[in-house]
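Since the structure of chain A is already known, use the hints to place chain B on it.
In order, the protein sequence lines correspond to chains A and B.
In case it helps, the numbering used here puts the first sequence at residues 2 to 303.
In case it helps, the numbering used here puts the second sequence at residues 2 to 303.
If you're looking for bench data, these hints aren't it; they were derived computationally from the structure.
Please note that the accuracy of each hint is not assured.
Which copy? The list can't say, so a pair holds if one copy fits it or any two copies do.
[Said to hold, decoys possible] In the EDC-like style, the derived pairs of lysine to aspartate or glutamate whose C-alpha atoms are separated by at most 16 Å in a straight line are: (1) 148 / 292; (2) 148 / 303; (3) 137 / 288; (4) 156 / 303; (5) 241 / 191; (6) 9 / 231; (7) 156 / 114; (8) 241 / 264.
Keep in mind the model is a prediction, meaning the values are calculated, not measured.
2 protein chains.
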Amino acid sequence: MTPTLIEKGTHLNVAMVQQSCNADREQNIAATCTAIDQAVKDGAQLVVLQELHTSLYFCQTQCCDNFNLAESIPGPTTDCFSKLAKQHNIVIVTSLFERRAAGVYHNTAVVFEHDGSIAGTYRKMHIPDDPGYHEKFYFTPGDTGFKPINTSVGKLGILICWDQWYPEAARLMTLAGADILIYPTAIGWDPQDDTEEQQRQLDAWITVQRGHAVANGIPVIAVNRVGFEEDTSGRTRGAKFWGNSFAVGPQGEFIGQANATDEIVLQAQIDLHRSEQIRRIWPFLRDRRIDCYQGMSQRIRD
Amino acid sequence: MTPTLIEKGTHLNVAMVQQSCNADREQNIAATCTAIDQAVKDGAQLVVLQELHTSLYFCQTQCCDNFNLAESIPGPTTDCFSKLAKQHNIVIVTSLFERRAAGVYHNTAVVFEHDGSIAGTYRKMHIPDDPGYHEKFYFTPGDTGFKPINTSVGKLGILICWDQWYPEAARLMTLAGADILIYPTAIGWDPQDDTEEQQRQLDAWITVQRGHAVANGIPVIAVNRVGFEEDTSGRTRGAKFWGNSFAVGPQGEFIGQANATDEIVLQAQIDLHRSEQIRRIWPFLRDRRIDCYQGMSQRIRD
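This is chain A alone, in the form it adopts within the complex:
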């Protein structure tokens, strides 16, 4: 992509839709539509939805029937959000369970341009697998690599949930010209953990992403779900999704933050010119030792 000097005074109005979900797909989509209506009324140019926003977080258990939730791109969900993007003349970042082929399913973000066209897709590259988060069962690791999606509101560095723990992903998106990093997310507390551990986890989640903002001089947005979802297998005590959707600027400074429980349309105004300013006073990208980073591609340097 051509490098762009973003002019002073260039602001982007972003809305982050933090919601709870249930098993009823139509209800979830209806709630999202209402939230988008509100976001547009409040001036949003870009609306970011949370990870897998049309369904429960079904990865708590391993169950083959859940593959029925997957759909093609284009498909019913992309048709729906394509229309919404066009109707409201906004850019929308959505997240869905993609059926790409028999036996190849992905956790995929689809970005819609304001004319309703698909601006691009990103397939989750880093796939977790923990008790209550059986994503390696459902999601084939992405093959899109780390490439920003070019839109009318900027080059969007879309990453998904587990990617947020990886400085490599943030750096590669930045080096490829992203203007902003965007993380649709589904992360929550294990109700068995004590309050201190829960607080440490939330704080670590926010801190590592603010760290990406600082290290790369780039704004970062994370949108997470709220609400308790049961583990129907009974193996865990379920997940209490911790919300706390937030936006920070290129020094990691908070622009907006939601709480842990409420469904909310969080609005934030991002100053896109600020990255240019910050990278001039803190020119980290200038001083990278690219002659010495080969080890990044090793599993362990032993």
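Chain B alone, transformed into the frame defined by chain A:
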């Protein structure tokens, strides 16, 4: 290095010496010796000194005479701290201006084993250059790469100041087996910046390093100087070094933190077994996409 499983209950008592410096080398070293005495009395096994602790932060101006401050390794400063390490039976992380050859000077950390021997050195890899921080004039970029130094208290991932903004450095040290990341530092405020900007800078500095702790599941220590130092060239208003030396655990959780102004010997007890536990619940290293990180060695992915 052989991978070691650190047993439950393995704690490391660290002391961080946050001090102000003046132009009198002997006075600076005497103050450090007093601090080390106190640290040892309080049970320290590892003492970490700040960046360039025997002198003022001379990089505020470009002046050839300052190269006279540089010394060889071994040399008078390493002799002094070698004796102290042996006398107190502790490991010490020091920082000095190294004269390696005519025209090749480095910003170098020297680690002393408790018998007084040199356990290893690290030459600052990322070199800044900003108004008031003319390090590219003084310091040849390091050629040690990112290799932990093996000591009796663990594998120390020594990095220096500007390195702390680079996730690559933290990751490479972790992949090479570091048990802890340690950053001797000299960073301060420009008195011309307003309070909000100063706060953002301090917060960014802490956040990015806590982010390294989280992303790598590793404890992190940063030791910074305090006090105002004048810019004798008169080009800037000098630097108000912001202290705030700190230690965090592998979730980025605070173990200890100093304030912005006081000379202090900050003590922290690091649970070295905790990284093993944290990396089991958050196995980020397992899921790295090493097939897709080649771009890390590019300047810009254009």
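Cross-check of the supplied hints:
no.: 1; hint: 148 / 292; result: between (23 Å within a copy, 15 Å between copies)
no.: 2; hint: 148 / 303; result: between (30 Å within a copy, 11 Å between copies)
no.: 3; hint: 137 / 288; result: between (37 Å within a copy, 10 Å between copies)
no.: 4; hint: 156 / 303; result: between (37 Å within a copy, 13 Å between copies)
no.: 5; hint: 241 / 191; result: within (7 Å within a copy, 44 Å between copies)
no.: 6; hint: 9 / 231; result: neither (48 Å within a copy, 34 Å between copies)
no.: 7; hint: 156 / 114; result: within (12 Å within a copy, 50 Å between copies)
no.: 8; hint: 241 / 264; result: within (14 Å within a copy, 44 Å between copies)
The structure does not agree with numbered hint 6 stated previously, though it agrees with all others.
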